[in-house]
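S.K.: Sequence:
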Amino acid sequence: LGYHKDLQTRATFMEVLTKILQQGTEFDTLAETALADRFERLVELVTMMGDQGELPIAMALANVVPCS
Numbered sequence: 001l002g003y004h005k006d007l008q009t010r011a012t013f014m015e016v017l018t019k020i021l022q023q024g025t026e027f028d029t030l031a032e033t034a035l036a037d038r039f040e041r042l043v044e045l046v047t048m049m050g051d052q053g054e055l056p057i058a059m060a061l062a063n064v065v066p067c068s
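With this note's numbering applied, the sequence shown corresponds to residues 1 to 68, in that order.
Some clues are possibly wrong.
Cβ pair distances, simulated, as ranges [claimed, not checked]:
#1 24 <-> 49: 38 to 46 Å
#2 8 <-> 36: 39 to 47 Å
#3 17 <-> 47: 15 to 23 Å
#4 19 <-> 51: 49 to 57 Å
#5 16 <-> 65: 49 to 57 Å
Read the hints as simulated data drawn from the structure, not as lab findings. None of the values given here were measured: they were computed from a predicted structure. No residue lacks a Cβ here, since even glycine has one placed at the ideal position from N, Cα and C.
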């Protein structure tokens, strides 16, 4: 359609394609934000302090991961 003889058809195609590409860019940014939010939440969970100042999740991971 980008090479169609009718100029109106070409212009309409380019307009629709431009809108699609712009939306795709917005979705990419949204995905990056969601990934950053998940990572931030994971860091919060792993570094969460217990009642006595300990790091329960970090300690649990240290107890189950074998030493090299």
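S.K.: Checking each numbered hint in turn, tell me which of them this model violates, lowest number first.
M.R.: Hint check: 3 fails alone, others pass.
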